[in-house]
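Quick note, the sequences are listed as chains A and B, same order. Residue 93 is where the first sequence ends in this note's numbering, and the numbering goes up by one at each step. Residue 392 is where the second sequence ends in this note's numbering, and the numbering goes up by one at each step.
There could be a bad hint or two in this list.
Result set (BS3-like, lysine-lysine): computed pairs, CA atoms no more than 27 Å apart in a straight line [claimed, not checked]:
(1) A:K11 / B:K243
(2) B:K244 / B:K124
(3) B:K243 / B:K182
(4) B:K127 / B:K195
(5) B:K228 / B:K243
(6) B:K244 / A:K11
Keep in mind that the hints were calculated from the coordinates and are not lab data. Remember, predicted model here, so these are calculated numbers, not experimental data.
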Amino acid sequence: MIYEVFRQERKGQPFAHAGSVEAPNDEYAEWYAREQFGRRGESVALWFVPREAVHEIDEFVDELERNYHRVDGYPLKEKLKEARERAGTQTTK
Amino acid sequence: MDAREQQFLEYVQSGGQVETSDWMPDDYRAKLIKFIEMHGNSELMGVLPEREWILRAPTLQRKLALTAKVQDEVGHSQLIYRVVEDLGKPRDACLEDLISGKSKFHNVFHYPTKTWGDVGVIAWLVDAAAIISQKALLKCSYAPYARIMKKICWEESFHILHGRDVILTMMNGTDEQRELVQEALNRWWGPLMQFHGNPIPAEDDPMYIWRIKSQGNGEARQQFLDGYVPQIWELGLTVPDPKLRKNEDEVWEFTEPDWDELKHVVTGHGPRTQERLDLRRTTRDETEWVRRTVLAQAA
Numbered sequence: 001m002i003y004e005v006f007r008q009e010r011k012g013q014p015f016a017h018a019g020s021v022e023a024p025n026d027e028y029a030e031w032y033a034r035e036q037f038g039r040r041g042e043s044v045a046l047w048f049v050p051r052e053a054v055h056e057i058d059e060f061v062d063e064l065e066r067n068y069h070r071v072d073g074y075p076l077k078e079k080l081k082e083a084r085e086r087a088g089t090q091t092t093k
Numbered sequence: 094m095d096a097r098e099q100q101f102l103e104y105v106q107s108g109g110q111v112e113t114s115d116w117m118p119d120d121y122r123a124k125l126i127k128f129i130e131m132h133g134n135s136e137l138m139g140v141l142p143e144r145e146w147i148l149r150a151p152t153l154q155r156k157l158a159l160t161a162k163v164q165d166e167v168g169h170s171q172l173i174y175r176v177v178e179d180l181g182k183p184r185d186a187c188l189e190d191l192i193s194g195k196s197k198f199h200n201v202f203h204y205p206t207k208t209w210g211d212v213g214v215i216a217w218l219v220d221a222a223a224i225i226s227q228k229a230l231l232k233c234s235y236a237p238y239a240r241i242m243k244k245i246c247w248e249e250s251f252h253i254l255h256g257r258d259v260i261l262t263m264m265n266g267t268d269e270q271r272e273l274v275q276e277a278l279n280r281w282w283g284p285l286m287q288f289h290g291n292p293i294p295a296e297d298d299p300m301y302i303w304r305i306k307s308q309g310n311g312e313a314r315q316q317f318l319d320g321y322v323p324q325i326w327e328l329g330l331t332v333p334d335p336k337l338r339k340n341e342d343e344v345w346e347f348t349e350p351d352w353d354e355l356k357h358v359v360t361g362h363g364p365r366t367q368e369r370l371d372l373r374r375t376t377r378d379e380t381e382w383v384r385r386t387v388l389a390q391a392a
């Protein structure tokens with residue numbers, strides 16, 4: 001069975017994918033993960049999960065063009081320019 | 094090459110990276126497997142010359158350090174074979190092809206280790222040559238391989254440290270110890286110069302074309318010479334190549350490495366090739382019952 005291993009480098013940091021190990025069960029997976037990703041003090045914690053338990057999403061369709069979720073939905077630059085002109089505070093720069 | 098393959102090629106050549114589940118041309122997958130499998134084989138076979146010295150290491154500290162290095166390298170081979178497995182070739186098949194002589198491993202692991210000086214030169218200079226190739230793989234177009242290389246490079250830098258420490262200790266020792274280092278360097282220089290492969294231009298190297306490698310063989314060799322010849326010289330060691338020098342264009346000149354020897358050695362005719370493959374074969378047979386028992390219990 002293939003297990004995916006995630007490791008946390010320091011307390012407070014996110015767990016990041018470290019690699020995978022092959023093991024016949026959870027017990028062996030724990031030992032392989034310890035040996036591969038923890039024996040030099042490079043991790044403070046590890047997660048290991050059977051590969052089948054990891055589901056992937058890699059398509060993000062935005063059919064409704066929801067630009068209010070994105071930076072480009074807020075064209076502040078032009079609006080600020082207009083507002084400054086109306087207020088008479090536009091600098092020459 | 095059809096349009097889809099052409100598009101893929103342009104994608105990797107512009108720095109794009111590929112994941113396991115992405116579509117890839119068959120030729121790319123085959124090249125990846127061949128290259129990465131040979132790397133895995135080399136990590137696994139590379140521990141054998143060093144293993145021979147665990148019982149003969151001069152101090153307990155050295156024995157522990159060498160054992161740890163051997164464990165690291167076996168760990169690397171496990172991680173690398175995992176990458177190969179996800180590309181479609183099971184680890185068992187890799188091991189079968191290795192012991193039957195069908196697949197290859199790096200030239201430097203086909204040679205004997207005559208003295209403790211060889212152990213120092215291997216950990217220092219062979220690992221230095223290897224880390225130059227491996228650092229260039231951090232940019233590999235196949236992302237899972239590139240990611241795992243980060244961990245491997247980090248551990249290899251430990252080995253260089255260990256190797257330099259062994260060498261410096263001997264160079265600060267008796268004349269006899271210094272002589273052992275010089276002799277080992279003389280023995281290893283040829284294989285070290287062959288290590289990065291024949292000087293095929295990067296543009297003609299299929300591994301570069303697919304951006305599995307990010308630099309050409311000649312470039313890697315120049316980097317090795319640039320980084321390590323000064324370190325060798327400053328210890329008062331002599332590089333056994335009278336033609337070796339850095340020219341006005343900052344390019345190293347050297348005697349052409351023996352490409353016939355390289356070819357002969359990696360095709361299974363090195364001085365220790367068969368002996369080491371035999372050892373792998375025997376231990377694989379002898380430990381078969383352990384794997385069977387463990388797997389039966391774990392089931």
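For a quick check of understanding: which of the numbered hints are violated here, in increasing order?
Those not satisfied: there are none.
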